[in-house]
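All chains, please: the whole structure from these sequences, using the hints.
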Amino acid sequence: VDSLPTEVDDSETIVRVIKSPFHTTGSKKALRKQAFHPPRGGKEVSVIRQMMTDDFCKNKAVEIIEEERARGGSPQPAYQGLAAGSVGFVRGLDATVDDYPTDFIGHAHVSLPEAAETEEPPSPQVLAALDQYYTQMVEHFCFYKDPAPDVQNWSGPSLFVA
Amino acid sequence: MSNIYQIGQGQTGSQLRPTVGRTPQPRAQSRAQGLAGVRTRIEESVARSAMKQIEQLDENWDGYGALAIRKSVRINAWAALNTFLEVGLVPDVSPNASGTISLEWHVDGTTSHLQVGRTRFSMYIDQEDVDTQYFEGDVRQIPPVAISALIKATAPAASARITHSDFDYKRGFASN
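As given, the protein sequences belong to chains G and P, one line each in that order. Letter 11 of the first sequence, counting from 1, is numbered 429 in the working numbering, and no numbers are missing. Letter 137 of the second sequence, counting from 1, is numbered 638 in the working numbering, and no numbers are missing.
Everything labelled a hint here was simulated from the structure, so no lab data went into it. It is possible that part of the hints are untrue.
With beta-carbon atoms standing in for the labels, derived distance ranges [said to hold, decoys possible]:
| # | chain 1 | residue 1 | chain 2 | residue 2 | range |
| --- | --- | --- | --- | --- | --- |
| 1 | P | GLN642 | G | SER492 | 28 to 38 Å |
| 2 | G | ASP512 | P | GLY566 | 19 to 29 Å |
| 3 | G | LYS461 | P | GLN642 | 22 to 32 Å |
| 4 | G | ALA488 | P | SER573 | 44 to 54 Å |
| 5 | G | ALA533 | P | THR633 | 22 to 32 Å |
| 6 | P | ARG571 | G | ARG509 | 31 to 41 Å |
| 7 | P | GLU556 | G | GLU557 | 25 to 35 Å |
| 8 | P | PRO644 | G | GLN550 | 22 to 32 Å |
| 9 | P | SER573 | G | ASP517 | 19 to 29 Å |
| 10 | P | THR633 | G | ARG509 | 23 to 33 Å |
| 11 | P | ARG542 | G | ALA533 | 36 to 46 Å |
| 12 | P | GLN642 | G | ASN571 | 31 to 41 Å |
| 13 | G | CYS560 | P | GLY638 | 51 to 61 Å |
| 14 | P | GLY638 | G | SER492 | 31 to 41 Å |
Ideal Cβ placement from N, Cα and C applies to all residues, glycine included.
Given below as structure tokens:
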């Protein structure tokens, strides 16, 4: 796919790459809320538009993680799998979903209203409200632990969310 | 003959055993309480293991630009963890990308989240049919009223039914 419409439609599926074992629970391989936390000081969460195809999502995920692993650090990001959800659902939670093709075609951002402060918690009222949002995201997004992480292309179930 | 399910204090659902037409033996009750104690100790070990793993995290530990968890935050979280473990409240412990640490409890209809930072804490207790309670302040002085409120909210289940996510206590957080 060489280009996508700049407007992300409510009917689209977006895919979150799960890169850390801290973002899944141990044996059940369910997502934790932290899988949808924005980076420090930010409010945007990176996702991939599934319109690019399931194989693209998988291969781009592996490519990005390999680049990050080359930078070092501990523990290194480790590809766990992909989580898929509906744009319309996310927008229904008052988050925004926008195309962000600066890095690569198919990149999009889910954005919260405000950025998180670093190294300090939000007020308890905001903490509770954010938890409600994250809990609904975890419940809505289908997490697929990659059955063949070392193989090119996606071999799990279809990522498309009807 | 009908089954009688004897639910003893401190037992969990998985430890319920049908007793057919007879009173449970004291030895069986003692064994069930012993198992609950073992489970609590395992959960405490899991919580402490998670804290130790958090100590090892460098910058970008989540692959999305997370902050490493600063030592002062870890010390504050250890203090909070020990406080709650002393009263039998075993949390699910997890790091956050913003450099804070979360301690969470999910017990039946109650959800509580304590987030610990460098100087401050925030906490809420959300119970069914009860107004949500909020606490915040100096992280070195988590008020007894917050601890009492959590104990009250989770009782009588606290001693046996504190649940946290299924961190694998043998292997830690699963990795590839």
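Going through the hints against the structure:
no. : hint                               : result
1   : GLN642/P with SER492/G: 28 to 38 Å : holds (33 Å)
2   : ASP512/G with GLY566/P: 19 to 29 Å : holds (24 Å)
3   : LYS461/G with GLN642/P: 22 to 32 Å : holds (30 Å)
4   : ALA488/G with SER573/P: 44 to 54 Å : violated (31 Å)
5   : ALA533/G with THR633/P: 22 to 32 Å : holds (24 Å)
6   : ARG571/P with ARG509/G: 31 to 41 Å : holds (35 Å)
7   : GLU556/P with GLU557/G: 25 to 35 Å : holds (31 Å)
8   : PRO644/P with GLN550/G: 22 to 32 Å : holds (24 Å)
9   : SER573/P with ASP517/G: 19 to 29 Å : violated (40 Å)
10  : THR633/P with ARG509/G: 23 to 33 Å : holds (26 Å)
11  : ARG542/P with ALA533/G: 36 to 46 Å : holds (40 Å)
12  : GLN642/P with ASN571/G: 31 to 41 Å : violated (54 Å)
13  : CYS560/G with GLY638/P: 51 to 61 Å : violated (39 Å)
14  : GLY638/P with SER492/G: 31 to 41 Å : holds (33 Å)
Violated hints for the displayed structure, listed by number in ascending order: 4, 9, 12, 13.
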